[in-house]
Structures are given as C-alpha cells and as structure tokens.
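Top line first, the protein sequences correspond to chains D and V. Note that my numbering has the first sequence beginning at 1, numbered continuously upward. Note that my numbering has the second sequence beginning at 1, numbered continuously upward.
Bear in mind the hints are in silico, worked out from the structure with no lab data behind them. Keep in mind that the hints are not guaranteed to be accurate.
[Unchecked claim] Listed next, the in silico DMTMM-like pairs over lysine to aspartate or glutamate satisfying Cα-Cα at most 25 Å (straight line): (1) V:K109 to D:E284; (2) D:K243 to V:E147; (3) V:K94 to D:E281; (4) D:K243 to V:D137; (5) D:K243 to V:E142; (6) V:K208 to D:D69; (7) D:K292 to V:D137; (8) V:K208 to D:E299; (9) V:K200 to D:D286; (10) V:K200 to D:E281; (11) D:K41 to D:E233; (12) D:K188 to D:D163; (13) D:K292 to V:E147; (14) V:K103 to D:E284; (15) D:K150 to V:E142; (16) D:K41 to D:E82; (17) D:K150 to V:E147; (18) V:K4 to D:E284; (19) V:K109 to D:E288; (20) D:K150 to V:D137; (21) D:K151 to V:D137; (22) V:K103 to D:E281; (23) V:K4 to D:E299; (24) D:K256 to V:E147; (25) V:K4 to D:D286; (26) D:K256 to V:D137; (27) V:K103 to D:D286; (28) V:K109 to D:D286; (29) D:K240 to V:E101.
Nothing here was measured: the structure is a model prediction, and the numbers come from that model.
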Amino acid sequence: MSSLQSLDLRRRSATTTPPPGQREAVEVAKLIDVSRCIGCKACQAACLEWNDLREEVGINVGVYDNPHDLTENTWTLMRFTEIDVDGRFEWLIRKDGCMHCDDPGCLKACPAPGAIVQYKNGIVDFISENCIGCGYCVKGCPFNIPRISKKDSKAYKCTLCSDRVAVGQAPACAKVCPTQAISFGTKKDMIAWADKRIADLKERGYKSAGLYDPPGVGGTHVMYVLKHVDRPEIYAGLPKDPKISPLVDLWKGITKPLALAGVGLAALVGFFHYVTHGPNEVQEEDEEAAAKTRRNSAE
Amino acid sequence: MADKTTIFDRYTSGARLNHWINAILMICLALSGMALFHPSLFFLTGLFGGGPTARIVHPWIGVLAMCSFLGLFIRFWRYNLWGKDDSAWMRNIKHVVNNDESKVPEAGKYNAGQKLVFWLMSILTVLLLTSGLAMWDSQFGEYTSIEQKRLAVVVHAASAVLLIIVVITHIYAAIWIRGTIRGMTRGSVTGGWAWRHHRKWLREEVGKTK
Ligand code: HEM
Ligand code: SF4
Ligand code: SF4
Ligand code: SF4
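Let the hints inform the model, and build the full structure from the sequences given.
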C-alpha cells in the first residue's frame, strides 16, 4: 500500500540490482495466540479503520465468518471452526491474513519491478502504484492471501501496518486486541513469549500446543500459538507444511534466464548460418529450367 | 534474362492480408508477453503505455490473433499434411542447410521444414490459447483454481518461448532462401525459385495451366 517508507528493503520484486545493505534492522513479528482469542473481531474493525477501508454489508449464511473470505478491503478475517478434538468440542478462531513469509512466494512471482517489497525487518508490502494487476502474486502465495481489487485492479493484503511500524508503533490490530491475543515485537522476543505461552498450555493439558512458524517458507513474521500445532489444517485449512509451489519455482527459477538464452541462441545460430553459408539465391539455370518446364508442358 | 523469368501465383491477396495481420498481432503478443516474462524486459511495457495497459491489452490481442491464426490454418492445413517424402527430407535436412536441395526429395507447395513450422505453430497456439484463458484473471478468474492457474502460467510461458523460437526460424528461413518474401508481399514467385525449392509444386502448377 504505502509508498513513502523509512524502512530499508531486503528484496524488491522483478529487480536484478542489489538492495542497500549497510544498515542493520531487527526482524519483527506479530504473534497471534489463538488460545486467547475470543473472536470479537476488534482487530478486523481496527484494520478497516486504520487503513481507511470499507467492507460491503454482506449476507449471513449461518456462520460467524463475516465477510466470508478475505477481500481487497478485508485484509484480516476471523475464521471460525467448530470441531470435536479428541472427543471434546472446541471452537477454533483463527485470525487469517498475510503471514509475511520470510521467503515470500508473492514477491517471487510478481513481474512488476517494486510492486512487492520485503523490508529488512521482514514485513512484505505491496507498493500499489507499481502494481499492474496481473494476479501473479495470487498464484505465488502458498496461503491464498492477495486479492485483486475490482475497482482499481491492484493487489491488496495486510501490510503488517508497515506505516505504523516504521514510526515505532505496533500494528492497529495488535493495539486494539482486548485479550492481548495479538502481540508485536522483535521476532526473537515473540518466540520467547510464545514459548512461555506454550509451556502454560502444556501444563493445562494441551500436549500438542506449539508455535506455527513454518520453515518451508523460511519462517513467517506472523506466527500463531496453536493448541494443536500437529494439525494446523483444523484451523480453517491452515496449511501443514506450506512451501512455494514447485510449479512457481519452475516458472520463476533458472528456466527464465535459460529460456531467454534459448531465444538469443536461435537468433545467433541464424546469423552465423547466414555468415557461413550465405543466402540461397535463385540461379539463372533455375529460371531457364522453369521456363523450359512450362514450354514443354504447353506443347 | 528477363524474358526467361516465369512468374507463378503463390498467395492470394486475402491470404497475404491474413498472414500479415497475424504477424503483426503475434509480434505485439510476443513483446507484451515477454515484458512480463523477465524483469530485464519489463521496459517493453512502455511500448503499450505502461505495465497495467500492457497487461490489459495482451489477452485481447491474443483473442484477435487466435481468430486470424484460425484463418491461416483453414487456408493452409491441406498443403501441410505429412507424407513419406517429408520424412526422407527431414532425415537429409543437413543438405538443405548446406544449400544443396538436389539430395532431398522434391518438395510440393511446402517442404517438410515448413510443414513442421506449421504444425508446431498450430499446437503451440492451441496451448497458448487454453493456458492464456486459464490465467486471464480479470475476465475468467473464478473459473480456475489457483493450482490450475499455476500450471497454466508454466505452460503459457514455455509455449510462448518455443513459439518465439519457431517464429525466429520461420523469419530466418524467409531471409535465407532468397525470393521467398515476395511470395508473401506480392503474392507471386519466380519459376526459378519454384524450380529450385518446390519443384513438385512447380510441376503441378505448370500442369494446371495447360
Ligand atoms: C488467446 C491467446 C492468449 C491469451 C488469452 C493470453 C493471455 C495471457 C495472460 C492473461 C497473461 C498474463 C498477463 C496478462 O494478464 O496480460 C499472459 C502472459 C504472457 N503471454 Fe499470453 N496470451 C495469449 C497468447 C500469447 C502468445 C501468442 C504469446 C507469445 C507469442 C504469449 C506470450 C505471453 C508471455 C511470454 C507471457 C508472460 C508469461 C510469464 O509471465 O512468464 N501469449 N498471456
Ligand atoms: S497483481 Fe500482484 S504480482 Fe501482479 S504486479 Fe500487482 S502485486 Fe505484482
Ligand atoms: S502469505 Fe502470501 S501474500 Fe503474505 S508474504 Fe506470504 S506469500 Fe506473500
Ligand atoms: S497488521 Fe495492520 S494491516 Fe495487518 S491485519 Fe493488522 S491492522 Fe490490518
């Protein structure tokens, strides 16, 4: 979203020049403790408010999820799941949204220079004025997060409130959470805090409580504390071992420069053939032979 | 010399228009597509008025190009059916590359190389059309899953690169074999050209005008 940032870049989409590397920055993270969430949606409202977004008034289809999916306006969404876990009813409420992957598939897929950036602190941000609306980020993301606006054909998702973080503020959703289920700080501190929470949950009998910080995408800068980290899918389809799809790797990997080299080589082979074998020109004998063929057949 | 030169019609004005419309559209497609293919080619979006417009026009040009290609396909497919001679021609292609066509079977309207180009273009065009529609999110986004879209972009990018290589070969052959281009610009070729490169076709044409 933002264009004026005082944060240094670590990665920039579709860019071959190196990013600045002198200044150091600590990695930040948002920790969402699902075991503490009461599903009040204050974070969802705060996100709309801070980012000046309005969601359409929707329709109720008998579930609490409102709206029914992430949209270009709803960058975070409470997803509710009612489930029997080990014979006990549980109400799982997960705050869905961009995970701010350390190895972001959206950025890898994006063809527009600087439309997606990753700051040194780990936040992945869409720079809307550079976005061309191709939807490649949607194909690159392992979490199905970016949404393309019908109004301006640009991609939108949670910014991790990069504009607030740049001036030393916590994200709006973290600030507003009444149970402090959302905390924000350095990634190191958040992991330490999560460890305490997990120890507490284990003491209370949740044997498989743990931290969701999936290594397949290099870890994330939005992490969950889950009571059942061994089964993340039960939390409204949170992927168990998310990775950038092998198809995206194939599409955006070494094949690109190889393909360009192939095209260049085809032109070069043609040129060298011309230089060594020259043009294939029609000779006078050919014209004579053709004329003779015609005369013969006319007779 | 001039009086010895015979002239044979090769393409009607309709076929020539169809061919050049297709060529122009294909070049626009290759330029707007390659702009998104690699960061070092993104500057090509400037030819189309910037990134968003390049992204918007590319698939529409694609639809037009498919219509014009269909026209070419209907005009030419009959002459591109593969025969036994074509396989023999292909096996001896090195003589053709060395400018010696006396060692390969006489070619009809199209030689085996041209037929191969025709069929490769036809197959790649169908792949580009189907994968292109599957990744056209602004029009048909809802009809495909994300996994299908991922497959589509890989197929689209790979077929596009192959098609561009086929087109380079096609253009080079027209430059290398002198006298070919006038067939597509003026519609006719000299008898000498036909004798040299498409002798079977020449005999057929001569037979017709008896
Ligand atoms: C009906 C025909 C076609 C359709 C509907 C189509 C559609 C698309 C779409 C939707 C995209 C994504 C970007 C955008 O939204 O503009 C795209 C990308 C692309 N297209 Fe096409 N296209 C067609 C034909 C072609 C042809 C004939 C070529 C090449 C000669 C081509 C080359 C490319 C390339 C190189 C890309 C970029 C792929 C990448 O990012 O790796 N397309 N096409
Ligand atoms: S739609 Fe996504 S991938 Fe395409 S330019 Fe915008 S941010 Fe990049
Ligand atoms: S969750 Fe998706 S949109 Fe967010 S950083 Fe990861 S790949 Fe990008
Ligand atoms: S971090 Fe900011 S943008 Fe992201 S969900 Fe929270 S309030 Fe919304």
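Okay, the hints, checked on the actual structure:
As the CA atoms of V:K109 and D:E284 are separated by approximately 21 Å, the hinted pair is consistent with the 25 Å bound. This hinted pair checks out: D:K243 and V:E147 have alpha carbons roughly 13 Å apart, not beyond 25 Å. A distance of roughly 18 Å separates the Cα atoms of V:K94 and D:E281; the hinted pair therefore holds under the 25 Å criterion. The straight-line distance between the Cα atoms of D:K243 and V:D137 is roughly 23 Å, inside the 25 Å bound, and the hint therefore holds.
For the proposed pair D:K243 and V:E142, the alpha carbon gap of about 23 Å is at most 25 Å, so the pair holds. For a cut-off of 25 Å, the pair hint linking V:K208 to D:D69 is broken: about 69 Å separates their Cα positions. Between D:K292 and V:D137 the alpha-carbon distance is near 61 Å, which puts this suggested pair outside the 25 Å criterion. Between V:K208 and D:E299, the direct Cα distance comes to roughly 14 Å. Compliance with the 25 Å bound is thereby established for this hinted pair.
Straight-line distance between C-alpha atoms of V:K200 and D:D286 comes to about 14 Å, which keeps the hinted pair within the 25 Å bound. A distance of roughly 19 Å separates the Cα atoms of V:K200 and D:E281; the hinted pair therefore holds under the 25 Å criterion. Taking the CA atoms of D:K41 and D:E233, the gap is about 21 Å. The hint holds against a cut of 25 Å. The suggested pairing of D:K188 with D:D163 holds, with an alpha-carbon distance near 21 Å, which does not exceed 25 Å.
Note on D:K292 and V:E147: the hinted pairing is violated, with a Cα-Cα distance of about 63 Å set against a maximum of 25 Å. With a C-alpha separation of about 20 Å, the suggested pairing of V:K103 with D:E284 holds against the 25 Å cut-off. At roughly 13 Å between alpha-carbon atoms, D:K150 and V:E142 fall within 25 Å of each other, so this suggested pair holds. A C-alpha spacing of about 17 Å is found between D:K41 and D:E82, which places the hinted pair at or below 25 Å, so the restraint holds.
Pair hint D:K150 plus V:E147 holds up; C-alpha atoms about 22 Å apart against a cutoff of 25 Å. Distance check on the hinted pair: V:K4 and D:E284 sit about 9 Å apart at the alpha-carbon level, within 25 Å; holds. Taken as a hint, the V:K109 and D:E288 pair is honoured in the structure, with Cα atoms around 20 Å apart against an allowance of 25 Å. A hinted pair counts as satisfied when its Cα atoms are at most 25 Å apart, and D:K150 with V:D137 qualifies at roughly 11 Å.
For the suggested pair D:K151 and V:D137, the alpha carbons sit about 14 Å apart, so the restraint of at most 25 Å is met. The suggested pairing of V:K103 with D:E281 holds, with an alpha-carbon distance near 17 Å, which does not exceed 25 Å. Under the criterion of a C-alpha separation no larger than 25 Å, the hint pairing V:K4 with D:E299 is consistent with the structure, at around 17 Å. Annotation: proposed proximity of D:K256 to V:E147 holds, straight-line Cα distance about 20 Å (limit 25 Å).
Distance check on the hinted pair: V:K4 and D:D286 sit about 10 Å apart at the alpha-carbon level, within 25 Å; holds. Only pairs whose Cα atoms come within 25 Å are accepted, and D:K256 paired with V:D137 is accepted, the gap being roughly 22 Å. Annotation: proposed proximity of V:K103 to D:D286 holds, straight-line Cα distance about 16 Å (limit 25 Å). Pair hint V:K109 plus D:D286 holds up; C-alpha atoms about 17 Å apart against a cutoff of 25 Å.
The suggested pairing of D:K240 with V:E101 is violated, with an alpha-carbon distance near 62 Å, which exceeds 25 Å.
Comparing the model with each earlier hint shows violations of hints 6, 7, 13 and 29; every other hint is respected.
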